[in-house]
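Letter by letter, the chains look like this.
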Amino acid sequence: MSPPQPPPADSAEQRFRALYADVHADVLRFVWRRSAAEAVSSAEDVVADAFLAAWRRFDDAPRRLDAQRAWVFGIARNCLLTTRRGSGRREALAVRVNDAADDSGALTTTPHDELVAGLDLAAAWRRLAPAEQEVLALTVFEDLTSAQAALVLGTTPTGYRLRLMRARRALRGHLSDGDAAEPAPAPRRVSPPATDALEATR
Amino acid sequence: MSQSRIPDPSLDAALRRLDAAPRAPLDDVARVRATSVLERTLAVGQLPDARAAGRRDPLVPRPRRTGVRVALLAGAAAAVAVAIGAAQVLGGGATAYADSWEPVPAPASAADVAAAERACAGTARSVAGDGASRLQPRLAERRGDLVLLAMDDGAPEPATVMCVAALPPGGGADFLSGSGGGGVVRPPADGVTDAGIFERTTPGDELSVIDGLAGEHVEAVTVRTADGRAVEATVEGGHYAAWWPGRAMVESDQPLPSGAQGGCAGDCDGGQPVPSYTLDVTLDDGTVLRHVVPSAG
Chain A
2 MSPPQPPPAD SAEQRFRALY ADVHADVLRF VWRRSAAEAV SSAEDVVADA FLAAWRRFDD
62 APRRLDAQRA WVFGIARNCL LTTRRGSGRR EALAVRVNDA ADDSGALTTT PHDELVAGLD
122 LAAAWRRLAP AEQEVLALTV FEDLTSAQAA LVLGTTPTGY RLRLMRARRA LRGHLSDGDA
182 AEPAPAPRRV SPPATDALEA TR
Chain B
12 MSQSRIPDPS LDAALRRLDA APRAPLDDVA RVRATSVLER TLAVGQLPDA RAAGRRDPLV
72 PRPRRTGVRV ALLAGAAAAV AVAIGAAQVL GGGATAYADS WEPVPAPASA ADVAAAERAC
132 AGTARSVAGD GASRLQPRLA ERRGDLVLLA MDDGAPEPAT VMCVAALPPG GGADFLSGSG
192 GGGVVRPPAD GVTDAGIFER TTPGDELSVI DGLAGEHVEA VTVRTADGRA VEATVEGGHY
252 AAWWPGRAMV ESDQPLPSGA QGGCAGDCDG GQPVPSYTLD VTLDDGTVLR HVVPSAG
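As given, the protein sequences belong to chains A and B, one line each in that order. Add 1 to a position in the first sequence, counting from 1, and you land on the number used in this note's numbering. Add 11 to a position in the second sequence, counting from 1, and you land on the number used in this note's numbering.
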């Protein structure tokens, strides 16, 4: 009897294993940012559910690895929304940030860096609407391109770029309010000024 | 100093220092759990059979069609009518419509608009359904024998319909092509959205129509086509639109056309049509944004 043979190098299983190895940690971090700080085990459960859905629909996956990463983020996001709301998928997920930046090892190299570091950015972040946090997080924390982030949110790249522009403006607005530590008011919609037309994001 | 002057990279760098889940290696326990999850997934999960594969899984995101693709698909359905209408109205010459084409449009008359509206009523109903009655003409132009009409419902994220009718002097109006969509956020005052594209690809008889939304400070849009044409679009009523004989899309095995923003998401394995034109956008303060590249979707 011959020993069991590993699957062919280009088989779906092998490709899925490669995807898992490459993105599992990133997906865990993605879910962790959008979960309660104490919910470590439930975050791992969500990630497991997401990868199970991804494996079952692996034929639908994009072919490029960077797009696959965004695709799995989108599945994980839908798993989180399903867990929290049962059926609705229209709601955005709030994204946690730490209370204070640990700048012990960070270098501030420009006047802008020093300016931002001196502001209560975490408080300003918490005044953003969840949808604004989510849009910014995909670019800042998950390091996705506009097209990849659009795939996660189920929108178009152009629509994502507009939402990103508005979210950045809202964050800057909260920073400049001078009372960023105050409790957040109801989310407000911020219209982009003319100077941001055709703004290149990524 | 105004906070609005903080550049994006500085703001992003500051935010990254607040990341609640910074990159860190998994410890031994987490690594074992991750391996266990993978093996359990492969053991429990089954690749879908052919029947199940056709079903939509609500957990699995699919790339959303952009305005470009929605319009292109709607236009593809209309292309059947295009061939019939063109043969009837334009006398059957394969490039008859091109003979009357002009790079600079003329305003359409009120009578042209009314005739085009009637010819395009079917497209309006198929695109907007019960909302068709709310569609109002926003832009109309004439180039030779063809009248292009863009309509929307005035909503913040409007439903739009673009339609082309053949209206030769002394003749009746016949539907030539139509497309439409909805849910596109209006651009900022000095920006434009990606255009919806209708393209007829019959060799020797190609025709392309584009229609997008323009901000209030956009004064002119010039389309630079891949075959070297400079087509002056009509900018009116919050829309820009133009048509020309030739292709607006090109089959590409590249993820994105040169200069496009963003990366590739979805099925990126070649053969996807991407816009082959660029736009020069002139603002009312004289600023010209040159070679604006439509996104590939």
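Please keep in mind that the hints were generated in silico from the structure rather than gathered at the bench. Backbone N, C-alpha and C define an ideal beta-carbon position, used for all residues, glycine too. Take the hints with a grain of salt, since some may be wrong.
[As the list claims (entries may be wrong)] Cβ-Cβ distance ranges computed for the label pairs, FRET-style:
hint	chain 1	residue 1	chain 2	residue 2	range
1	A	Ser177	B	Arg51	24 to 30 Å
2	A	Ser177	B	Glu262	46 to 52 Å
3	B	His302	A	Gln15	24 to 30 Å
4	B	Pro33	A	Asp121	52 to 58 Å
5	A	Ala37	B	Pro167	33 to 39 Å
6	B	Ser144	A	Asp46	45 to 51 Å
7	B	Arg301	A	Asp121	15 to 21 Å
8	A	Asp23	B	Gly297	56 to 62 Å
9	A	Ala40	B	Ala237	48 to 54 Å
Checked hints:
no.	hint	verdict
1	A:Ser177 to B:Arg51: 24 to 30 Å	violated (50 Å)
2	A:Ser177 to B:Glu262: 46 to 52 Å	holds (48 Å)
3	B:His302 to A:Gln15: 24 to 30 Å	violated (42 Å)
4	B:Pro33 to A:Asp121: 52 to 58 Å	violated (20 Å)
5	A:Ala37 to B:Pro167: 33 to 39 Å	holds (35 Å)
6	B:Ser144 to A:Asp46: 45 to 51 Å	holds (50 Å)
7	B:Arg301 to A:Asp121: 15 to 21 Å	violated (41 Å)
8	A:Asp23 to B:Gly297: 56 to 62 Å	violated (49 Å)
9	A:Ala40 to B:Ala237: 48 to 54 Å	holds (53 Å)
Against the hints set out earlier in the document, violations occur for numbers 1, 3, 4, 7, 8.
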